[in-house]
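**Q** Listed here are the chains, written in short residue letters.
Protein chains: 2
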Amino acid sequence: MIKKPYLMFIGDVSTAVFAKTAAGVKYWRPEQAAGQFRFPGGVDLGLPDFTMKEAVNAGIKTILIGVAPQGGGLPQEWLDFLIEALDAGLDIASGLHVRLAEIPALKAAAEKNNCNIFDVRFSTQTFTVGKGTPRSGKRLLTVGTDCSVGKMYMALALEKEMQKQGLKATFRATGQTGILIAGSGVSVDAVVADFISGATEFICPGNEPDHWDVIEGQGSLFHPAYAGVSLGLLHGSQADAIVVCHEAGRKDVKGIEGYALPSLKECIHLNLQMGGRTNPDIKCVGVGINTSSLSDAEAMDYLNKAEDETGLPCADPVRTGVAAIVESLL
Amino acid sequence: MIKKPYLMFIGDVSTAVFAKTAAGVKYWRPEQAAGQFRFPGGVDLGLPDFTMKEAVNAGIKTILIGVAPQGGGLPQEWLDFLIEALDAGLDIASGLHVRLAEIPALKAAAEKNNCNIFDVRFSTQTFTVGKGTPRSGKRLLTVGTDCSVGKMYMALALEKEMQKQGLKATFRATGQTGILIAGSGVSVDAVVADFISGATEFICPGNEPDHWDVIEGQGSLFHPAYAGVSLGLLHGSQADAIVVCHEAGRKDVKGIEGYALPSLKECIHLNLQMGGRTNPDIKCVGVGINTSSLSDAEAMDYLNKAEDETGLPCADPVRTGVAAIVESLL
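As you go down the protein sequences, you meet chains A and B in turn. Numbering follows my numbering, in which position 316 of the first sequence is assigned residue number 316; successive positions increment by one, without gaps. Numbering follows my numbering, in which position 53 of the second sequence is assigned residue number 53; successive positions increment by one, without gaps.
Hints listed in this document are in silico derivations from the structure and should not be mistaken for laboratory results. Please note that the accuracy of each hint is not assured.
Copies of the same chain look alike in the list, so a pair counts if it works inside one copy or between any two.
[Said to hold, decoys possible] Here are the computed lysine to any residue pairs in the SDA-like style, where the Cα-Cα straight-line distance is at most 25 angstroms:
{"no.": "1", "residue 1": "K254", "residue 2": "T128"}
{"no.": "2", "residue 1": "K254", "residue 2": "P134"}
{"no.": "3", "residue 1": "K265", "residue 2": "R319"}
{"no.": "4", "residue 1": "K131", "residue 2": "H97"}
{"no.": "5", "residue 1": "K254", "residue 2": "T126"}
{"no.": "6", "residue 1": "K131", "residue 2": "E247"}
{"no.": "7", "residue 1": "K283", "residue 2": "P262"}
{"no.": "8", "residue 1": "K20", "residue 2": "G255"}
Since this is a predicted model, take the numbers as computed values, not measurements.
Isolated chain A, as found in the complex (with noise of 0.2 angstroms):
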């Protein structure tokens, strides 16, 4: 578990998409965004610009490193911070592809100061197999026609929604930017293959009976480098209900040729078909739509024919929120 309140460590990245893990904190977990740390042309985030002294001092417990280095590597500037970071005592949360406690002068640092470095993207736990037993609450799981068609936004709208009406709910983050956004965690395509579902179980454990996880999918049954993963989240989540997500406009498998995106109703049959094995009453209770891209006016005619072509409410979590997703889903 990762302590909060954060201090988002901008550094000097300077183009908004490298900040989006950062920007997702924020958009979603306001109240732990408490402070930015920037170097001059970092990107504003709206946050007060601590020091390193000004955030302690404001009880921030973690630095949040939600920003990618361009380029790369990590530059020295970064790590010099990041030690006097750690020597005031705040620990470090980071989803960067380099593991930062490997780093032999932060690791020094961390024990000098009895201090964590949390790297998300990797996991430190060792896992049992799934064991496939039935187990106590509820669970959804967001899943997609692909990568990057907004399974993370859906799972953390629906969870704020159904918190709203009052109905127990909890996200569990399964990728880099969902656990620091939740706190806590598992990134299930860096565990070992055998381990697949039984990770995704010890995300989601039995709870009270009217107690929903809400689960962040992973890539898409369709994908043909990340299926694996895919099907191992939904059997391993014991799915009661699915959402299946999709971003307007998209035609074909991102970042791979040839792999043609299945229709909306081909992706809900498919994972209704696959997720039954493990739980027979799963349900597909809404879709969610990526409508970024358009205007208000096609997204409302892309939403409405989504909605005849599944019979399912669908929704753009964030242009028109999940309450009717949310009411189909109870």
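Dock chain B against the given chain A, drawing on the hints supplied.
**A** Chain B in isolation, oriented as in the chain A frame:
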């Protein structure tokens, strides 16, 4: 690539069931099983008993640990002999759960003598994610209704029969016993989940148009713990042909309560449906049945009924051979 031939290390393992890997190597690659080393009471594989020196003089290159120590831990007397073997210039190949290359005394002896230790259960390679691009050559994948139903034996029997008929065929190993038999391969269930398909593509790359890779399957699409691995293998292999394997009499998923096995037809159907995503021309060319628990008459009856159900040639690789399946393939 593990160097051959092998000295089969039996140690003090006195029960044939714990020497299954060694027996499998001897059965499928008799020319590589050049000798055995036993302590008093060790099971007899019917190979020449060699001291370590005699083995080296006989041209043996690698000690293969084809047994699981009773109790789990590695006995000290095993360790002493393995160090002696490394000192004599032999490599070690092991399918044990413990990583021999990380035991300090073995690591030091291997370095001193410039020898290799292959812990085939663990992958030391880094893979790329699956590409999904069509590639030349033909590929057959064995799939199953469950774990441990004979997928490896079927793949090895098909390779043998195809080579006997003058066809170009290569067994591709995806589990530790298969790797020790073939001398190379990747334990696909031990790679990071993101790379299941990518590792599979690596194992069976593009080849001559009339060459068949015969790929050992793992798990089952119907297995609540391992289906993700099975789907990644199916997608990554881009199988032109599958052979569905089953054990006569098995009704439920082994070791997991509440999961009935699919019928042969259901298993064929789902594998063709899912495999069609990366190879639309996939077809099922036969069924393998492990009939070892049945009498000859019962076995023939079982195989006949399976043929009636599926309309495909059904064979037990050990009892009947697989010529009928190869015929159906061509």
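**Q** Each hint needs a verdict: does it hold in this structure or not?
**A** Comparing the hints with the structure gives:
In this assembly of identical chains, K254 and T128 lie within 25 angstroms of each other by CA distance solely across copies; the values are 16 angstroms between and 32 angstroms within a copy. In the homo-oligomer, the alpha carbons of K254 and P134 lie at most 25 angstroms apart only across protomers (17 angstroms), although the nearest pairing inside one protomer, at 35 angstroms, exceeds that limit. In this homomeric assembly, K265 and R319 come within 25 angstroms of each other (Cα to Cα) only inside a single copy, at 23 angstroms, whereas the closest approach across copies is 45 angstroms. Only between protomers do K131 and H97 lie at most 25 angstroms apart by alpha-carbon distance; the minimum there is 21 angstroms, versus 31 angstroms within a single protomer.
Only between protomers do K254 and T126 lie at most 25 angstroms apart by alpha-carbon distance; the minimum there is 23 angstroms, versus 32 angstroms within a single protomer. For the homomeric pair K131 and E247, the shortest alpha-carbon distance between copies (22 angstroms) is at most 25 angstroms, but the shortest distance inside one copy (34 angstroms) is not. Taking the shortest alpha-carbon separations for K283 and P262, both the intra-copy value of 18 angstroms and the inter-copy value of 21 angstroms come in at or below 25 angstroms. Taking the closest pair of Cα atoms, K20 and G255 come within 25 angstroms of each other only inside a single copy of the chain (20 angstroms); across copies the shortest separation is 44 angstroms, beyond that limit.
Every hint from the earlier list agrees with this structure, and none is contradicted.
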